[in-house]
Amino acid sequence: MSTRERAESVRFRIRLLLVAMLLAFGFLAVHLWQVQVLRASEFSSSLDRQSIRRVRLPGIRGRIFDRNGTCLADNRPQYCLAIYTEELRQRGRWSRTVDKVDEVIDEMALVLGIPRQVTREDIQMHVQRRLPLPFLVWRGLDERALARWAENDRVFVGVDIYVEPERVYPLGLSAAHVIGYVGRADAVNTEDNPYHYYLPEMEGKGGVEKTADKRLRGRAGGRLIRVDASGFKYEEKGEREPVPGEDVILTLDMDIQAMAETVLINKPGAVVVMDPRNGDVLALASAPAFDVSALGSQTAWQAVLDDPGRPLINRAIAGQYPPGSVFKPLVALTALVSGRVTPATEVSCPGYITVGNKPFRCWSRRGHGTLAMRKALEQSCNPYFIDIALRTEYKRIYHMAASIGFGLPTGIELDGEAPGLLPDDEWKRRERRDAWRPGDTANVAIGQGALLVTPLQMVMFTSALANGGTIYRPRLLRGKGGTDGDFVKRMAWTPAQLAVVRGGMHDVVHAEQGTGKRVRLDGVEMAAKTGTAQYGNGLKHAWVILYAPYEAPRYAVVMMMENAVSGGITVAPKLRELMQMLLVRDGTLVAPPSIPAEMDLDVIEGEADA
Amino acid sequence: MRDKAIATAFKQLRKSNWLLNGVVGMLLLLGVLFVYSACYVGDETEIRPLYLRQLLWIAVGLVCYIGFALTDYRHLKRFEWGIYGGCLCLLIVVLFCGRTIYGAKRWLMLFGELGIQPSELAKLGTIVLLAGRLSEPARQLHRPVELLQVLALVALPAGLIMLQPDLGTAMVFLPTAMVLMFVAGVPLRYVGGLVGIGAALVGFVLAALFLPAVLGAGEATQERIASLSGLSDYQRGRIEVFFYPEKDPLGAGWNKRQSEIAVGSGGLKGKGYLRGTQNILGFLPRSVAPTDFIFSVVAEEKGFVGSVTVLVLFGLLIGCGVWAGLLTLDPLARLLCAGIASLIFFHVFINVAMTIGLMPITGLPLPLLSYGGSFMIVMMSALGIIQSVYIRSDRRETYR
Numbered sequence: 030m031s032t033r034e035r036a037e038s039v040r041f042r043i044r045l046l047l048v049a050m051l052l053a054f055g056f057l058a059v060h061l062w063q064v065q066v067l068r069a070s071e072f073s074s075s076l077d078r079q080s081i082r083r084v085r086l087p088g089i090r091g092r093i094f095d096r097n098g099t100c101l102a103d104n105r106p107q108y109c110l111a112i113y114t115e116e117l118r119q120r121g122r123w124s125r126t127v128d129k130v131d132e133v134i135d136e137m138a139l140v141l142g143i144p145r146q147v148t149r150e151d152i153q154m155h156v157q158r159r160l161p162l163p164f165l166v167w168r169g170l171d172e173r174a175l176a177r178w179a180e181n182d183r184v185f186v187g188v189d190i191y192v193e194p195e196r197v198y199p200l201g202l203s204a205a206h207v208i209g210y211v212g213r214a215d216a217v218n219t220e221d222n223p224y225h226y227y228l229p230e231m232e233g234k235g236g237v238e239k240t241a242d243k244r245l246r247g248r249a250g251g252r253l254i255r256v257d258a259s260g261f262k263y264e265e266k267g268e269r270e271p272v273p274g275e276d277v278i279l280t281l282d283m284d285i286q287a288m289a290e291t292v293l294i295n296k297p298g299a300v301v302v303m304d305p306r307n308g309d310v311l312a313l314a315s316a317p318a319f320d321v322s323a324l325g326s327q328t329a330w331q332a333v334l335d336d337p338g339r340p341l342i343n344r345a346i347a348g349q350y351p352p353g354s355v356f357k358p359l360v361a362l363t364a365l366v367s368g369r370v371t372p373a374t375e376v377s378c379p380g381y382i383t384v385g386n387k388p389f390r391c392w393s394r395r396g397h398g399t400l401a402m403r404k405a406l407e408q409s410c411n412p413y414f415i416d417i418a419l420r421t422e423y424k425r426i427y428h429m430a431a432s433i434g435f436g437l438p439t440g441i442e443l444d445g446e447a448p449g450l451l452p453d454d455e456w457k458r459r460e461r462r463d464a465w466r467p468g469d470t471a472n473v474a475i476g477q478g479a480l481l482v483t484p485l486q487m488v489m490f491t492s493a494l495a496n497g498g499t500i501y502r503p504r505l506l507r508g509k510g511g512t513d514g515d516f517v518k519r520m521a522w523t524p525a526q527l528a529v530v531r532g533g534m535h536d537v538v539h540a541e542q543g544t545g546k547r548v549r550l551d552g553v554e555m556a557a558k559t560g561t562a563q564y565g566n567g568l569k570h571a572w573v574i575l576y577a578p579y580e581a582p583r584y585a586v587v588m589m590m591e592n593a594v595s596g597g598i599t600v601a602p603k604l605r606e607l608m609q610m611l612l613v614r615d616g617t618l619v620a621p622p623s624i625p626a627e628m629d630l631d632v633i634e635g636e637a638d639a
Numbered sequence: 243m244r245d246k247a248i249a250t251a252f253k254q255l256r257k258s259n260w261l262l263n264g265v266v267g268m269l270l271l272l273g274v275l276f277v278y279s280a281c282y283v284g285d286e287t288e289i290r291p292l293y294l295r296q297l298l299w300i301a302v303g304l305v306c307y308i309g310f311a312l313t314d315y316r317h318l319k320r321f322e323w324g325i326y327g328g329c330l331c332l333l334i335v336v337l338f339c340g341r342t343i344y345g346a347k348r349w350l351m352l353f354g355e356l357g358i359q360p361s362e363l364a365k366l367g368t369i370v371l372l373a374g375r376l377s378e379p380a381r382q383l384h385r386p387v388e389l390l391q392v393l394a395l396v397a398l399p400a401g402l403i404m405l406q407p408d409l410g411t412a413m414v415f416l417p418t419a420m421v422l423m424f425v426a427g428v429p430l431r432y433v434g435g436l437v438g439i440g441a442a443l444v445g446f447v448l449a450a451l452f453l454p455a456v457l458g459a460g461e462a463t464q465e466r467i468a469s470l471s472g473l474s475d476y477q478r479g480r481i482e483v484f485f486y487p488e489k490d491p492l493g494a495g496w497n498k499r500q501s502e503i504a505v506g507s508g509g510l511k512g513k514g515y516l517r518g519t520q521n522i523l524g525f526l527p528r529s530v531a532p533t534d535f536i537f538s539v540v541a542e543e544k545g546f547v548g549s550v551t552v553l554v555l556f557g558l559l560i561g562c563g564v565w566a567g568l569l570t571l572d573p574l575a576r577l578l579c580a581g582i583a584s585l586i587f588f589h590v591f592i593n594v595a596m597t598i599g600l601m602p603i604t605g606l607p608l609p610l611l612s613y614g615g616s617f618m619i620v621m622m623s624a625l626g627i628i629q630s631v632y633i634r635s636d637r638r639e640t641y642r
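Residue numbers (this note's numbering), protein chains in the order written: chain A, 30 to 639; chain E, 243 to 642.
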């Protein structure tokens, strides 16, 4: 090979080399086209996936008002101090940033003169789990601490005031059972949760807060933030404002509610006041009550849970009691409707009645003599009602009670409502392994035996007596406009039949020896029925059902007290007090010149009804 | 006398390849701009003014560039052993006194924080020696003994660098040497054989790493066979995530994945200068963005248009080098040009290919764009040699 040939061959090889190199660059360019142009959106979304975080922003919870516009549940700004961790970020290991935050909190505690609320573990948790969000190191600052902060806020970098809504109940204990309370909602940790940082909202845990939770909550919004490779916030990309929750207006009248709670004086019992014209619940009180605002700590909770008075139970809807004599108007109406008994049907009361071979005593040992229905209601005569119940046959009483709504929850907008118990043959065979006997009918006729009712069911029935036979569902939430009640059904009671029962209840109050004479108020006619139900070893629950005014009733009231002497003695005077305040308030009565006459305890003995 | 020397120098410089000068200038400018972009948001205050230090390196590089352009490249032949030997010495010294950065002893600290990387110098030193030896007319290039000598000269620095350990830099020696042999006229069967041996080595390593797992061998067996490859855990990790990217996305796979996202999300036109999200947010680690991953920054901020522009500029650069080699009639000059052009080519190709996920991550910088002093000086010197060849390519006396 000559030198020249060799040179030529070398030149050829160099050219070949250049072509190969340029082809390789061409290959790179083609690949770059694929990556940068054809797959650009795929990589852009990868980028967003790793750098964009969605934060859920809960809506502000709606408020709760009573029918007069009194606020029952409100949101108050709670002043917090938040540390924005990205501004305290330290280079190097994570623990250095945690140390720095720890140090700043210590300095702040010194300056503000308040103890630390977060531990080092909390800081670590925040750094690991929700780094781009403000870290709340103090909640619920008082004015003193706020003032100190205002003097020193320039000293601390990356710390700022943060306002968080706090649920408050301005009226404290009042209507606590109805309003309920809230807690932090559990974060949803399911697959379809699209948020990286889920800020839970307050969630109703009881009462109307729970049943109207959907309306109160509103709709959560969200915020997009871009974070850097370490997870600190870099910028905000956008925000969708949360929609605040709706306000909820209750049918309650807090004045009446307060009166009801006053007369209960925190002794176990319940008062329900309902408007018989539409089923609006004006007051629903249960005693003893609890103070939601004081339930902040675990120990306070435990104390409430351990309280033997069981203050968390709403006795007005969840308490199931034997009704005793307040059940008798129902027996009377059923008897009249059946046609087997007329208002004039007379029964003789020798002080007892024998059913099967078992004697049932009347509360009056001497007996009432011969009496008809109106008088029997006034005197609450047991043999009379046992007699007509046996004539009427139990199935009719059962159906009447069931169609009024006994034995089932009324459907009021509260959870935890109890159904009560309306026994029948099938129930007895199932539970007691025995057939229904006349003795059972006799027991139910006087509101005893297995029969259980709630105060709310009782007020629903009282309303129907007051308004001429219309059953309304007890209603707590006011709809949007419209004050018509939630009509359930009209009972097939003729005015004549009703007139007898109503007349008897009128006499309970107004007759000389009426069992409910202690309810009597000058200047207004009312109708009532007392009841005293025995349970266990001589313990008694005392009832009064009442509606007023007699001719055009605006109030149907039930008052029940546990462990009382009797309806006529224990409950009636308290109910009188309540009715007086109630009727003075709406102008039916003028304010009394003096306090009610003191109770004459000597006459108790003979008047305790069964 | 002095005036005359300066006049000669100007005359020579006027004869230099102005396309090459222009391309070098543009690449250097791009380098400074994107090194700035890669660092300007960092919290680390010592990284932010990196572009200023890059300007300093460029100044030193330009001195070398002009110096080598004005110097007759044939003087290199006289010092070839000295240069080569010096590089070897430095490579040995760095193994004992070098500073360890990212697990490898690469740096030889000279004045305080100012250090050099002997491995970068050795790249050029080896090319100079090989070009000198392969261009000697008396060489019988078809004799295997000659080839073995050449291979030994390459293996010596490459082996020392592997000890640092810096596999990427060591690996670049072999293809460059093969290109030199190819251009020098070594019979194709030898070059082909070497390529075959190289491929077999790669195949063996990959088989050692992955075959046992594919065949379902136990953990211990896998580990024992994998250790036969002679790679460190770190190196194995990089190769493993190249084949199985989902294996360790937050560790060894992080840079590869983030670089791909940066390049891909750049799209056709890019996000705009200083607007590279991956880089600003630190997903592309700030320690590598201005150096090995500078191409990702360009590609993200300037898109496909920007990355192709960079490729075209490098194509022109290599073209100028090869052109100088074609113009000259001196075999030494030809081999120098071919060697330097291929050195640039392999760096560009491997660097770009790794940023878009076509090759495993290796620590090879992008010539003239990446931040780094030693490589900048070596590259500018090498390009100066090409200019030196170009300026003297019309001399008849070299042709015998």
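If you are wondering where the hints come from, they were derived from the structure by calculation, not from laboratory data.
Treat the hints with care, as some may be off.
What the hints assert, rightly or not - Derived pair list, reagent style DMTMM-like, types lysine to aspartate or glutamate, alpha-carbon separation capped at 20 Å:
1. E/K513 - A/D77
2. E/K513 - A/E71
3. A/K266 - A/E375
4. E/K513 - A/E264
5. A/K404 - A/E375
6. E/K511 - A/D454
7. A/K243 - A/E71
8. A/K129 - A/D182
9. E/K511 - E/D475
10. A/K234 - A/E442
11. E/K513 - A/D454
12. A/K262 - A/D454
13. A/K243 - A/E265
14. A/K243 - A/E195
15. A/K239 - A/E270
16. E/K253 - E/E322
17. A/K424 - A/E446
18. E/K513 - A/D257
19. A/K404 - A/E264
20. E/K347 - E/E465
21. E/K511 - A/D182
Claimed, not checked - Have a look at the derived ranges for each label pair, beta carbon to beta carbon:
22. E/L569 - A/L52: 18 to 26 Å
23. A/L45 - E/D245: 41 to 49 Å
24. A/E180 - E/L294: 38 to 46 Å
25. E/F485 - A/Q157: 28 to 36 Å
For glycine and all other residues, C-beta sits at the position ideal for the given N, C-alpha and C.
To see whether the hints hold, each was checked on the structure:
1. Proximity of E/K513 to A/D77 is assessed by CA-CA distance (about 14 Å); at most 20 Å being required, the pair is judged to hold.
2. Proximity of E/K513 to A/E71 is assessed by CA-CA distance (about 16 Å); at most 20 Å being required, the pair is judged to hold.
3. Of the pairs offered as hints, the one joining A/K266 and A/E375 is violated, with about 85 Å between alpha carbons and a cut-off of 20 Å exceeded.
4. The suggested pairing of E/K513 with A/E264 holds, with an alpha-carbon distance near 17 Å, which does not exceed 20 Å.
5. Note on A/K404 and A/E375: the hinted pairing holds, with a Cα-Cα distance of about 10 Å set against a maximum of 20 Å.
6. Simply put, E/K511 and A/D454 have alpha-carbon atoms about 85 Å apart, too far for the 20 Å limit, and the pair is violated.
7. A threshold of 20 Å between alpha carbons decides the hint, and for A/K243 with A/E71 the separation of about 39 Å lies outside it, so the pair is violated.
8. Of the supplied pair hints, the one linking A/K129 and A/D182 holds, its CA atoms being roughly 17 Å apart against a limit of 20 Å.
9. Between E/K511 and E/D475 the alpha-carbon distance is near 39 Å, which puts this suggested pair outside the 20 Å criterion.
10. Taking the CA atoms of A/K234 and A/E442, the gap is near 14 Å; set against the 20 Å cutoff, the hint holds.
11. For the hint pairing E/K513 with A/D454, the CA-to-CA distance comes to about 82 Å; that exceeds 20 Å, so the pair is violated.
12. For the hint linking A/K262 to A/D454, the alpha-carbon distance of about 70 Å lies beyond 20 Å, and the restraint is violated.
13. At most 20 Å may separate the alpha-carbon atoms for a hinted pair to count; A/K243 and A/E265 exceed this at roughly 29 Å.
14. Restraint check for A/K243 and A/E195: the C-alpha separation of about 18 Å stays at or below 20 Å, so the hint holds.
15. This hinted pair does not check out: A/K239 and A/E270 have alpha carbons roughly 24 Å apart, beyond 20 Å.
16. With a CA separation close to 28 Å, the supplied pair E/K253 and E/E322 exceeds the 20 Å bound.
17. For the hint linking A/K424 to A/E446, the alpha-carbon distance of about 26 Å lies beyond 20 Å, and the restraint is violated.
18. Using a Cα cut-off of 20 Å, the hinted pair E/K513 and A/D257 holds, with the two alpha carbons roughly 17 Å apart.
19. Simply put, A/K404 and A/E264 have alpha-carbon atoms about 82 Å apart, too far for the 20 Å limit, and the pair is violated.
20. Distance check on the hinted pair: E/K347 and E/E465 sit about 26 Å apart at the alpha-carbon level, beyond 20 Å; violated.
21. Distance restraint check for E/K511 and A/D182: the Cα-Cα separation of roughly 46 Å exceeds the 20 Å cut-off, and the hinted pair is therefore not satisfied.
22. At roughly 23 Å, the beta carbons of E/L569 and A/L52 sit within the given window of 18 to 26 Å.
23. Checked against the hint of 41 to 49 Å, the C-beta distance between A/L45 and E/D245 comes to roughly 46 Å, which is consistent with it.
24. At roughly 43 Å, the beta carbons of A/E180 and E/L294 sit within the given window of 38 to 46 Å.
25. A beta carbon spacing of about 32 Å between E/F485 and A/Q157 agrees with the range 28 to 36 Å that was offered as a hint.
Going through the hint list in order, the structure does not satisfy hints 3, 6, 7, 9, 11, 12, 13, 15, 16, 17, 19, 20 and 21.
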